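J.: Protein chains in written order, with this note's numbering: chain R, 1 to 219; chain A, 1 to 219; chain C, 1 to 237; chain Z, 1 to 237.
Worth flagging that the hints you see were computed from the coordinates, not collected in a lab. In this text, all values refer to a predicted model and were calculated from it rather than measured experimentally. Just so you know, not all the hints are guaranteed correct.
Once the Cα atoms are required to be at most 25 Å apart in a straight line, the calculated SDA-like pairs of lysine to any residue come out as [what the hints assert, rightly or not]:
#1 C:LYS134 with R:ALA133
#2 R:LYS173 with C:ALA119
#3 C:LYS186 with C:GLU97
#4 Z:LYS186 with R:ASN102
#5 C:LYS73 with C:ASP18
#6 C:LYS186 with C:ASN3
The following label-pair restraints were derived from C-beta to C-beta distances [what the hints assert, rightly or not]:
#7 Z:ARG234 with A:PRO128: 28 to 36 Å
#8 R:GLU69 with Z:ILE5: 31 to 39 Å
#9 Z:MET1 with R:ASP129: 45 to 53 Å
#10 R:GLU45 with C:PHE17: 53 to 61 Å
#11 R:ASP129 with C:ALA72: 17 to 25 Å
#12 Z:ASP47 with C:ILE5: 52 to 60 Å
#13 C:ASP47 with A:ARG164: 47 to 55 Å
#14 C:PHE17 with R:GLU165: 42 to 50 Å
#15 C:LYS73 with R:GLY126: 20 to 28 Å
#16 R:PRO85 with Z:GLN43: 32 to 40 Å
#17 R:ASP190 with C:LYS92: 41 to 49 Å
#18 Z:GLN194 with R:TYR42: 32 to 40 Å
Each residue gets a CB set at the ideal place from its N, CA and C atoms; glycine is no exception.
The primary structure of each chain is shown beneath.
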Amino acid sequence: MVGNEEKKGWSIGEMAQKAALDILDGSYVNLGIGMPELVADYVPEGREVIYHTENGLLGMGPVPEPGKEDPELINAGKKCVTAIPGACFFHHADSFTMIRGNHIDICVLGALQISEEGDLANWSTGAPDAIPAVGGAMDLVAGDIKIYVISRHTTKTGEPKIVRECTYPLTGKNVVNTIYTDLAIIDVTDKGLFIRELAPGVTFDYVQERTEAKLNQYS
Amino acid sequence: MVGNEEKKGWSIGEMAQKAALDILDGSYVNLGIGMPELVADYVPEGREVIYHTENGLLGMGPVPEPGKEDPELINAGKKCVTAIPGACFFHHADSFTMIRGNHIDICVLGALQISEEGDLANWSTGAPDAIPAVGGAMDLVAGDIKIYVISRHTTKTGEPKIVRECTYPLTGKNVVNTIYTDLAIIDVTDKGLFIRELAPGVTFDYVQERTEAKLNQYS
Amino acid sequence: MINKIFASPAEAVEDIFDGAVVMISGFGEAGSPIELIHALIDQGAKDLTVISNNTGSGHVGLAALIAHRRVAKMICSFPRTANSKVFPELYKNGEIELELVPQGTLAERIRSGGAGIPAFYTPTSVGTPLAEGKETREFNGKTYVMQHALEADFSLVKCKAADRYGNLIYNKTARNFGPIMCTAAKTTIVQAKQIVGLGDIDPETVVTPGIFVNKVVEVANPAEESKLVAEDRRYPW
Amino acid sequence: MINKIFASPAEAVEDIFDGAVVMISGFGEAGSPIELIHALIDQGAKDLTVISNNTGSGHVGLAALIAHRRVAKMICSFPRTANSKVFPELYKNGEIELELVPQGTLAERIRSGGAGIPAFYTPTSVGTPLAEGKETREFNGKTYVMQHALEADFSLVKCKAADRYGNLIYNKTARNFGPIMCTAAKTTIVQAKQIVGLGDIDPETVVTPGIFVNKVVEVANPAEESKLVAEDRRYPW
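Excised from the complex, chain R in its bound form (with noise of 0.2 Å):
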């Protein structure tokens, strides 16, 4: 654990900039609530994406004007969006279907914990008197989907995120592909976690102090 300092590392829009540039054009892409959802504003021009959102809905296209919002055209998060044209709608049952048929290429999740074999904790802190609340998280991430995380790499606290194992209940083991924080990006692979971008002025053994599980440099 690292005390507070003065900030270093990418901010929220690069990190969620740095998540777009691993967006090919043409992928099908879901994007978790909150800080995933800046993700779409960031893929770089000339990419054709098209968003799903588990609620039946492909081809989710921008907030909507200011009084053109529709209260039964909405994301997973409950906000109002638009369609773009191409766009179509389809029941729970179908939409799930793109998930855990792998259908869908890219999802993009926040997380409470990761740990170095990719298992994921987002859902639950595991409080007693916390009510449990799942959602879509873990269909999401049960296929073979590409899972990528956009995290903050410690805890408001400056507690690692990124650990051996996950204290907290898990999403799903084994799922997370990479991990997009404000320090660096990281690769989940079958022989640990890999560094594979450091943010300006950050160096490996300043990641290495604020992550609990042991990170690799690509040789």
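Given chain R's structure and the hints, the job is docking chains A, C and Z onto it.
T.: Positioned in the frame of chain R, the structure of chains A, C and Z alone reads:
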């Protein structure tokens, strides 16, 4: 077995009419290929019955006028049909949701053999050189849909079709509710086969002689 | 003659009995049949098991049904949302039971209930607390958990238009759980923004075939849950 | 840019490899993608396992593919229909394998393959020869048989209209197995009577969302199988 003799009992049209009388207003009905298809012609006026064909149409109408056939609007027997106002089209998984999920009320089928416990054999004679072909018959009888069998009482060579145990491969066990033959209407009950109605000029003994299974009379 | 049209939500829900299992469509407020739920509150059935993705907002619709202590058990994927206050309080006090089901598993269990499939295997939740106590099995070297179908005595569903056969179309993402819930209940009760004539819905575009629907009632101007919540309305008013 | 449109059936099927599992839509001739099948005959892939409800008629389409000895195994529900001559002859000579599956089980196995469900239980075929050797299990006192998902390397599907995203609509009962086969293959290849612009298909009425489709080719005037059979045409001509 009883040899050739003077023809007694109901015509095919009368058999279909008897079955049709047991189709109540508002029923959803699937009619098998062949003799069962005739039943639709005899549903009493004033009863609104919706016909399902498992290849994806609810609200099947009569045969089209000559010249108006559409090879993409067919029934399960691959004959051209029409669609009534209020009809709808759907794919095969949804169609068999209607069947397996017991949403259809009544299915009228032909038979090779029916046992006294209501077992049905109607898809294969088990001949070693025959090419087996089952279609949707096993699905139709698997649920709690009422199964009406319409069939001649005996084979062309006078063998009984209503038997103690089916010798042909089964379509389903304990599935038939009522049998409409040229000689009688027979209910399949927990306590055995009961004759509900005899064709004009036909006696109980006459039917029993042509039936391998034991028949009973309602008291 | 087939005529599934009922005159009012009250008449449509009158058969719902104490202890019934009731599916309620909707994802948040989109697709939630608020007038049918309010009629159910008026009707009085209690000890219900409710299957719905969420637990309602504020003190209207599903949240009001729960607030009136009519719901003994919720089966859902996400019981707490932004304006969800009633369920969390009862749950913390141990006054309502919760079965938490991943959203896609919830959808597939409902779809299976309607399709006559008693159980299936899914990769979802393997290795997590939600798979504890559940049977697992390997297929092709990967582990799956067995899940059972969900069926209901009644489904309450909202749609855009219906005809007297019960054919339905929906509006945008308000479709969500509606079509599968229609298939999985003994009695499916639908509120439609509009009742149309037979044949007015193109047979190619029917989303729910009428065979899955038992009762239809027109609610031309359904309340908007989020507006009622913003005004802190409480049902009954 | 996403553009799934291919110039010709030949280009659309060129990746199909020897030994591939290929689903082919259609119920009889309705929905059978005859131009794609003919392109596959020209292309030459062999040792195929074909999943389709029937085995074709006369000497065109699927029957021609079988006649050219490209199919090692058929998985279907009804291999003999009125004008089906090729398959029966090969089958009697032991020159083609057959896995016979009840029609509803065939549909559900395909749907499961597309939905990531490896296996499910069904009441269909219990107590019959088609359940022999299969695992059975009781749920609520009733016996069910376990069935495994079907997946394919390629699906060949016919539809009415498609856009460049691969969104599809179908024509009447030619829909049949098309939508579920689109979901169950690694590569789904579709022949559409018409290619339309993005947004020309109402998003409420799309039957197959584009995510399930990989390649689309326009065949504006597809051959009518029954006419070809009546004329005793043989492919290739």
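J.: Given the hint that Z:LYS186 pairs with R:ASN102, test it: the Cα-Cα distance must not exceed 25 Å.
T.: 10 Å, holds
J.: Holds or violated: C:LYS73 and C:ASP18, Cα atoms, limit 25 Å.
T.: With Cα atoms ~13 Å apart, C:LYS73 and C:ASP18 stay inside 25 Å; holds.
J.: Does 53 to 61 Å hold as the CB distance between R:GLU45 and C:PHE17, or does it fail?
T.: 59 Å, holds
J.: Using the beta carbons of R:ASP190 and C:LYS92, state whether their distance is inside 41 to 49 Å or not.
T.: 43 Å, holds
J.: Taking the beta carbons of C:ASP47 and A:ARG164, is their distance inside 47 to 55 Å?
T.: 48 Å, holds
J.: Taking the Cβ atom of Z:ARG234 and the Cβ atom of A:PRO128, is their distance within the range 28 to 36 Å?
T.: 31 Å, holds
J.: Does the beta carbon distance between C:LYS73 and R:GLY126 stay inside 20 to 28 Å, or does it fall outside?
T.: 22 Å, holds
J.: At the C-beta level, are C:PHE17 and R:GLU165 separated by a distance inside 42 to 50 Å?
T.: Between C:PHE17 and R:GLU165, where Cβ atoms are some 49 Å apart, the hint holds.
J.: Given a hinted range of 31 to 39 Å, is it respected by the beta-carbon distance of R:GLU69 and Z:ILE5?
T.: 34 Å, holds
J.: At the C-beta level, are Z:MET1 and R:ASP129 separated by a distance inside 45 to 53 Å?
T.: 51 Å, holds
J.: Could one say that the CB atoms of Z:ASP47 and C:ILE5 fall in the range 52 to 60 Å?
T.: 57 Å, holds
J.: Between R:PRO85 and Z:GLN43, does the C-beta distance stay in 32 to 40 Å?
T.: Cβ of R:PRO85 to Cβ of Z:GLN43: about 34 Å, so the range 32 to 40 Å holds.
Of the numbered hints stated above, none is contradicted by the structure.
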